[in-house]
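Engineer: Residue 4 is where the sequence shown starts when you use this note's numbering, and the numbers rise one by one after that.
Only true hints are included.
Here are the simulated lysine-lysine pairs, DSSO-like style, with alpha carbons at most 27 Å apart:
| hint | residue 1 | residue 2 |
| --- | --- | --- |
| 1 | K84 | K34 |
| 2 | K82 | K48 |
| 3 | K34 | K82 |
None of these hints come from the bench; they were simulated from the model.
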Amino acid sequence: MTTSFPMNGGDGPCSFSKNSQLAREVLDGAKGMVRDPIIQNLDIKIMLSSSNTIRIADFGCSVGPNTFIAMQHVVQSLKDKLLQVTNSTNNIPEFQIFFNDHVINDFNTLFQSLPIDRSYYAFGVPGTFHGRLFPSRSIHFAHSSCAIHWLSKTPKELLDEKSPAWNTGSIHYIGTSNVEVVNAYVAQFE
4 MTTSFPMNGG DGPCSFSKNS QLAREVLDGA KGMVRDPIIQ NLDIKIMLSS
54 SNTIRIADFG CSVGPNTFIA MQHVVQSLKD KLLQVTNSTN NIPEFQIFFN
104 DHVINDFNTL FQSLPIDRSY YAFGVPGTFH GRLFPSRSIH FAHSSCAIHW
154 LSKTPKELLD EKSPAWNTGS IHYIGTSNVE VVNAYVAQFE
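Could you build all of it, start to finish, from the sequences and the hints given here?
Structural biologist: As structure tokens, this is what we get:
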């Protein structure tokens, strides 16, 4: 099993849902970076050629309300693209959103705080996205806002005291000049 470090669940004073303002500001600042490529590049006709349902995955949803804001941005951008292509609000597709995070994520808190007025069907998908979570060709759009730091696993070389990548005397790799550390991370994607 993969080591898991989810955000604090629940909605108490130390929970992520009560302490995620910075993440919300990142989402608000990135709204155009999500919307513009959808409007400019997405071929929505292909997405809808086989079904009237668009399936979206949010990787790293956590437990706070920010995931709902991000998904609303995506859904609204897809609706805007559809309107641009068809000039009609008729036949708007149904949206299914799959909220994914670690298996020990507090999905109960997440689903208790679902917006009542949402325009999509919501599903929880616990598990790591280092492995396969969905059937082939089942997701039309994938989103990950602040989970980019989870994309790398800790390379085994960093855990081996005999390795040249071992980080002797330091608890972080920020600003390190150890090229072996960089190479260990890069090797994961080759």
